[in-house]
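**Q** Those protein sequence lines, which keep their order, are chains R, P, W, U, Z and L.
The opening position of the first sequence corresponds to residue 0 in numbering that gives the first Met the number 0, with each subsequent residue numbered one higher.
The opening position of the second sequence corresponds to residue 0 in numbering that gives the first Met the number 0, with each subsequent residue numbered one higher.
The opening position of the third sequence corresponds to residue 0 in numbering that gives the first Met the number 0, with each subsequent residue numbered one higher.
The opening position of the fourth sequence corresponds to residue 0 in numbering that gives the first Met the number 0, with each subsequent residue numbered one higher.
The opening position of the fifth sequence corresponds to residue 0 in numbering that gives the first Met the number 0, with each subsequent residue numbered one higher.
The opening position of the sixth sequence corresponds to residue 0 in numbering that gives the first Met the number 0, with each subsequent residue numbered one higher.
No lab work stands behind these hints, which were simulated from the structure alone.
It cannot be assumed that every hint is accurate.
To be verified - Result set (SDA-like, lysine to any residue): computed pairs, CA atoms no more than 25 angstroms apart in a straight line:
no.	chain 1	residue 1	chain 2	residue 2
1	L	Lys25	L	Ser56
2	R	Lys128	P	Glu125
3	R	Lys25	R	Gln120
4	R	Lys51	R	Arg90
5	P	Lys2	W	Val123
6	Z	Lys128	L	Pro122
7	Z	Lys2	P	Pro41
8	P	Lys128	Z	Thr129
9	W	Lys25	W	Ala87
10	R	Lys92	R	Gly58
11	Z	Lys2	Z	Asp19
12	L	Lys2	L	Arg21
13	U	Lys128	W	Gly93
14	W	Lys25	W	Glu8
15	W	Lys2	Z	Glu79
16	R	Lys2	L	Lys2
17	Z	Lys51	L	Pro122
18	U	Lys2	R	Glu79
19	U	Lys51	P	Ala15
20	P	Lys51	P	Asp18
21	P	Lys128	R	Gly58
22	U	Lys51	P	Pro41
23	W	Lys25	W	Arg90
Chain by chain, the residues run as shown.
There are 6 protein chains.
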Amino acid sequence: MTKLIEYEEASDEVRAVYDDIRATRKSEYINNFWKAIANHPPSLVRTWLVVKEVMTSPGEIDPLMRELIYIAVSVTNGCEYCIASHTAAARVKGMSDAMFGELMAIAATANMTNRLANGYQIPVDEQFKT
Amino acid sequence: MTKLIEYEEASDEVRAVYDDIRATRKSEYINNFWKAIANHPPSLVRTWLVVKEVMTSPGEIDPLMRELIYIAVSVTNGCEYCIASHTAAARVKGMSDAMFGELMAIAATANMTNRLANGYQIPVDEQFKT
Amino acid sequence: MTKLIEYEEASDEVRAVYDDIRATRKSEYINNFWKAIANHPPSLVRTWLVVKEVMTSPGEIDPLMRELIYIAVSVTNGCEYCIASHTAAARVKGMSDAMFGELMAIAATANMTNRLANGYQIPVDEQFKT
Amino acid sequence: MTKLIEYEEASDEVRAVYDDIRATRKSEYINNFWKAIANHPPSLVRTWLVVKEVMTSPGEIDPLMRELIYIAVSVTNGCEYCIASHTAAARVKGMSDAMFGELMAIAATANMTNRLANGYQIPVDEQFKT
Amino acid sequence: MTKLIEYEEASDEVRAVYDDIRATRKSEYINNFWKAIANHPPSLVRTWLVVKEVMTSPGEIDPLMRELIYIAVSVTNGCEYCIASHTAAARVKGMSDAMFGELMAIAATANMTNRLANGYQIPVDEQFKT
Amino acid sequence: MTKLIEYEEASDEVRAVYDDIRATRKSEYINNFWKAIANHPPSLVRTWLVVKEVMTSPGEIDPLMRELIYIAVSVTNGCEYCIASHTAAARVKGMSDAMFGELMAIAATANMTNRLANGYQIPVDEQFKT
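The shape of chain R in the complex, shown without the other chains:
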């Protein structure tokens, strides 16, 4: 188990990231993911920069849909922590029970057909190559 770095014991560099997480999310809560990777400050700084930009910068995919995509990947990889934290985040952003059910169905179906495509060694259609 990795030591979780609390704000009180953190270096200034780590505190600055924690402060930005709080400001960006408009919530005092820092979840364990950040407290764990804070053990290696360059990873904390870099990972937060990437996650903040990818998940919150303006774009064509709305914030809730970004969370759904995140969950679909995490479910495919079987990352328990990520499934739990991003499911919670998606609920905060408005994911309904029905939407979660549909998301699970899509992710499960894609995992099924991915293997059929592998196993049957299906050549890519010419028209999909452009």
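Once you've looked at the hints, dock chains P, W, U, Z and L against the given chain R.
**A** Below, chains P, W, U, Z and L without anything else, positioned relative to chain R:
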């Protein structure tokens, strides 16, 4: 390489699925995936039933977003055929270049943080357990 | 692309493995997998020892079923070479078209339900823990 | 943690699936997987239809071997719930300790050689392409 | 197939990254990975920032070992492009044939034991938890 | 949960492996992995032979770096047991906190770029093919 079953040589059971794919998609084109799994008709019937229901039945996630989720899973699994076919399908449904770029960024970021969560053996926060 | 080591240019250590592969399989053909890993003789010796023992030693799972299990894993991992070579091996051992179709269906279904179990964060039933 | 839907509180649609699971398996027990996905009834109905057909319909692969293939996939994906539930199901269908040991050895070996094939970038043999 | 963005047609933002890649690697060559993700400039900028920092900043793991770790992950994921490009990069940094052989053996063995640990549902030893 | 085979109740064949593990590692402790797979003695014998040879025989990659590669694979696969046990082993061999942080960063970055390469369907550069 799996033999691809063309409409002309297909059994009535297989033709019925091909007809429904054409009607549902409003397109004459049957892509190789279906022609390949048609070698085992029960798989063709069952897989089409699942894919049709999951990808086209009314729901809270719109058809384009369903394709994006499908692509995110296929990219995570490295399924070349599925990436090519669902990227083509998403473009038909309106995916812009910017949207594809954002999608790739989200899928890539989730794959990155999934491994950080694994490696740091991060305990799930109590508040994510409910 | 890895250089493929042919019998004629191989060291005695590598030739001994090739000879044993031929004797065990009762076939002159050495497939590319062995010719590639022969670039690192200790890997060739060790991998053949493991594969030979696991796939051909007497046991409760018959040789054809062992190939089916091998294919199911390779399909899940998306290993193109392994799918092609073990599907060929399974056909030699008697895999019918119907059996291949059933195998694909089982592997695809397991990949689907694996993700539902992940996503719904389902607790293991007490009775499955013993 | 997903709420588990018990029979008593279930809708008629969900109860009908639970009844069919019980009749098919000749057992009163409904395991947590079904109670969890019952939160999204279309997934419950569809997943049971697929699992029932793929795992219990007549075919060339016997029921015990189907379970072994299921376990091999689940082990490859690291799905804890699926490994526990299908190992239990396989034992009920007659899997011995030796058979489980052989299964693990085959699944582990396939995972090993899959990566050797990836890493050495081995070209598929011409004779495996037909 | 994604369009590859050449220097001549690139925007100033993209050119600045290409220039930095060239300066950092002391080579004129820009490989296809960067030319492909340049279709979405924010991904190009961000990914290069991460890769440059993680792979080239001063640290306790030397540059060649970083490449070996990168290859081990890519082999596990079956990413053909990444295996090819990082194997080439590792050779430039001094990877010998023997070292590549050892690397493949370690990655393959880890993939094997990972599945044995999954399948046998082995509890983590108390002394590994601290 | 798999029964763990203790030395006292083990067969001579299993004891011989336990003795060799102790002698090789210069430690009395046998971790749960070996006690679990000892349920199938041929797997214990074979797996120890492979792990011992791959992880401890003389070679160009030093013992600590071998552990780092092992961890990178285990993190990619999400194998909790393997991450815990090999992280402990790496610490014994001298892995510092900074080194662990760098390792996680490399493994996470490779997982990220692997998916970008998949999703953008990037053709392998000609010069990487030799």
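**Q** Does each hint hold? Answer for all of them.
**A** Going down the list of hints, with the structure as the test:
Annotation: proposed proximity of Lys25 (chain L) to Ser56 (chain L) holds, straight-line Cα distance about 15 angstroms (limit 25 angstroms). A C-alpha spacing of about 47 angstroms is found between Lys128 (chain R) and Glu125 (chain P), which places the hinted pair above 25 angstroms, so the restraint is violated. Straight-line distance between C-alpha atoms of Lys25 (chain R) and Gln120 (chain R) comes to about 49 angstroms, which puts the hinted pair past the 25 angstroms bound. Distance check on the hinted pair: Lys51 (chain R) and Arg90 (chain R) sit about 18 angstroms apart at the alpha-carbon level, within 25 angstroms; holds.
This hinted pair does not check out: Lys2 (chain P) and Val123 (chain W) have alpha carbons roughly 41 angstroms apart, beyond 25 angstroms. With a C-alpha separation of about 43 angstroms, the suggested pair Lys128 (chain Z) and Pro122 (chain L) falls outside the 25 angstroms cut-off, and the hint is violated. For the given pair, Lys2 (chain Z) sits about 39 angstroms from Pro41 (chain P) by alpha-carbon distance, which is inconsistent with the 25 angstroms threshold. This hinted pair checks out: Lys128 (chain P) and Thr129 (chain Z) have alpha carbons roughly 23 angstroms apart, not beyond 25 angstroms.
In summary, the hint linking Lys25 (chain W) to Ala87 (chain W) is supported, as the alpha carbons are separated by about 15 angstroms, within the 25 angstroms threshold. Pair hint Lys92 (chain R) plus Gly58 (chain R) holds up; C-alpha atoms about 16 angstroms apart against a cutoff of 25 angstroms. A distance of roughly 21 angstroms separates the Cα atoms of Lys2 (chain Z) and Asp19 (chain Z); the hinted pair therefore holds under the 25 angstroms criterion. Annotation: proposed proximity of Lys2 (chain L) to Arg21 (chain L) holds, straight-line Cα distance about 21 angstroms (limit 25 angstroms).
About 18 angstroms separates the Cα atoms of Lys128 (chain U) and Gly93 (chain W), which keeps this hinted pair within 25 angstroms; it holds. Straight-line distance between C-alpha atoms of Lys25 (chain W) and Glu8 (chain W) comes to about 22 angstroms, which keeps the hinted pair within the 25 angstroms bound. Restraint check: the Cα-Cα separation between Lys2 (chain W) and Glu79 (chain Z) comes to about 17 angstroms, which is no more than 25 angstroms; the hinted pair holds. Distance check on the hinted pair: Lys2 (chain R) and Lys2 (chain L) sit about 31 angstroms apart at the alpha-carbon level, beyond 25 angstroms; violated.
Among the hinted pairs, Lys51 (chain Z) with Pro122 (chain L) is consistent with the structure: their alpha-carbon atoms are about 22 angstroms apart, no more than 25 angstroms. A hinted pair counts as satisfied when its Cα atoms are at most 25 angstroms apart, and Lys2 (chain U) with Glu79 (chain R) qualifies at roughly 17 angstroms. Distance check on the hinted pair: Lys51 (chain U) and Ala15 (chain P) sit about 23 angstroms apart at the alpha-carbon level, within 25 angstroms; holds. Between the alpha carbons of Lys51 (chain P) and Asp18 (chain P) the distance comes to roughly 13 angstroms, so the proposed pair stays at or under 25 angstroms and holds.
For the suggested pair Lys128 (chain P) and Gly58 (chain R), the alpha carbons sit about 30 angstroms apart, so the restraint of at most 25 angstroms is broken. Using a Cα cut-off of 25 angstroms, the hinted pair Lys51 (chain U) and Pro41 (chain P) holds, with the two alpha carbons roughly 13 angstroms apart. Proximity of Lys25 (chain W) to Arg90 (chain W) is assessed by CA-CA distance (about 16 angstroms); at most 25 angstroms being required, the pair is judged to hold.
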